[in-house]
Amino acid sequence: MARAADGKLDRQENAKLIKHIEQGGISTLLYGGNAIFYHLTLAEYRSALEMISELAADSSLVIPAIGPAYGTMLDQAEVLKDFEFPTAMILPQRDIVTSAGFCAGTRNLVARLGKPVVLYLKFGGVVTVEDATALVNDGMISAIKYAVVREDYMQDDYLKALTEKIDPSLILSGLGDQPAITHMRHFGLGGFTTGCGCVFPQMSTDLLKAIQAGNWDEAEAIRERFLPLENLRDNLGPITILHRATELAGIAQTGPISPLLSEPAESIQKQISAALEQMKQSA
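My numbering applies: residue 4 is where the sequence shown begins, and numbers increase by one.
Any given hint could turn out to be false.
Claimed, not checked - In silico BS3-like pairs for lysine-lysine, Cα to Cα no more than 25 Å straight-line: (1) 19 / 273; (2) 22 / 283; (3) 283 / 212; (4) 163 / 84; (5) 118 / 84; (6) 212 / 163.
Stated by the list, open to error - Restraint-style ranges between C-beta atoms, simulated for each label pair: (7) 141 / 31: 22 to 28 Å; (8) 217 / 84: 38 to 44 Å; (9) 137 / 84: 20 to 26 Å; (10) 102 / 30: 30 to 36 Å; (11) 61 / 269: 26 to 32 Å; (12) 84 / 266: 32 to 38 Å; (13) 87 / 14: 38 to 44 Å; (14) 96 / 140: 20 to 26 Å.
Note that these hints are calculated values from the structure, not bench results.
Keep in mind that this is a model prediction, so the values were computed, not measured.
Even for Gly, the Cβ is constructed at its ideal location relative to N, Cα and C.
Based on the provided sequences and hints, a complete structural model is requested.
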């Protein structure tokens with residue numbers, strides 16, 4: 004999400020970014036970690052919702068994040084009720100929740116919103132398989148964004164257990180383009196989210212189509228094209244690298260990065276530029 008030099012949300016630059024993503028064939032816009040949605044003030048939250056709802060195409064599905072703190076969720080829910088977003092995404096924090104407590108809070112939130120939410124699972128076991136299944140069975144969940152990092156994505160007992168209890172098509176691979184093939188081919192997940200797709204949306208769309216068609220060699224070749232930027236994100240910070248990469252790619256002036264995050268050093272920005280050039284040449 005782009006900001007002006009004074010730190011305020013920049014409508015014109017956000018319009019450029021949204022148009023770029025949509026023209027690349029992506030029609031779902033998820034505003035969560037990469038958009039730094041979790042650091043918005045309550046006043047900014049309303050402004051951001053107004054902006055993205057007005058700028059996105061009528062055919063695009065826009066999903067804002069909510070929370071992650073319980074009090075923040077409840078305050079933001081009151082703002083969300085003034086808009087027509089069909090769902091919102093919640094992220095359980097690893098160190099300040101229990102599974103049962105988080106699920107109770109989710110039920111309260113859904114009751115207040117009057118609509119189901121996207122459950123973002125980023126840490127294994129924070130929400131148990133049983134509790135996640137109960138939320139799904141009771142109509143509390145519109146989708147699950149699964150983003151638990153593994154050394155070997157083929158070996159994931161938590162995901163395997165989830166797919167045995169929950170329709171895999173309801174679960175989306177939530178770690179970008181890298182594990183998408185494994186998650187969709189071997190676990191049957193219904194799709195994937197992308198961060199680098201903000202910069203190269205057509206490439207990400209092509210990856211999805213190749214996976215859906217079962218063209219695995221083509222899908223793997225496309226996945227490898229994302230590696231220069233994805234490796235930087237994995238090693239140096241997924242949010243800050245993407246924020247600056249979007250600007251360095253000439254898509255939009257994304258502006259200053261919100262505290263509690265910080266600007267990549269000049270040497271790292273040179274690495275980002277080099278990665279972008281390598282990806283353009285491989286596309």
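Structure-based check of all given hints:
Simply put, residue 19 and residue 273 have alpha-carbon atoms about 23 Å apart, close enough for the 25 Å limit, and the pair holds. For a cut-off of 25 Å, the pair hint linking residue 22 to residue 283 stands: about 19 Å separates their Cα positions. A distance of roughly 20 Å separates the Cα atoms of residue 283 and residue 212; the hinted pair therefore holds under the 25 Å criterion. With a C-alpha separation of about 35 Å, the suggested pairing of residue 163 with residue 84 is violated against the 25 Å cut-off.
This hinted pair checks out: residue 118 and residue 84 have alpha carbons roughly 10 Å apart, not beyond 25 Å. For a cut-off of 25 Å, the pair hint linking residue 212 to residue 163 stands: about 24 Å separates their Cα positions. In this structure the supplied range 22 to 28 Å holds for residue 141 paired with residue 31, their Cβ-Cβ distance being about 24 Å. Distance hint check: the CB atoms of residue 217 and residue 84 are about 42 Å apart, consistent with the given range 38 to 44 Å.
About 25 Å separates the C-beta atoms of residue 137 and residue 84, a value consistent with the hinted range of 20 to 26 Å. Judged by the Cβ atoms, the range 30 to 36 Å given for residue 102 and residue 30 holds: they are separated by roughly 33 Å. The supplied range of 26 to 32 Å is broken by residue 61 and residue 269, whose beta-carbon atoms lie about 41 Å from each other. Taking the beta carbon of each, residue 84 and residue 266 are about 36 Å apart, inside 32 to 38 Å as hinted.
The hinted range of 38 to 44 Å is not satisfied by residue 87 and residue 14, whose Cβ atoms lie roughly 20 Å apart. Judged by the Cβ atoms, the range 20 to 26 Å given for residue 96 and residue 140 holds: they are separated by roughly 24 Å.
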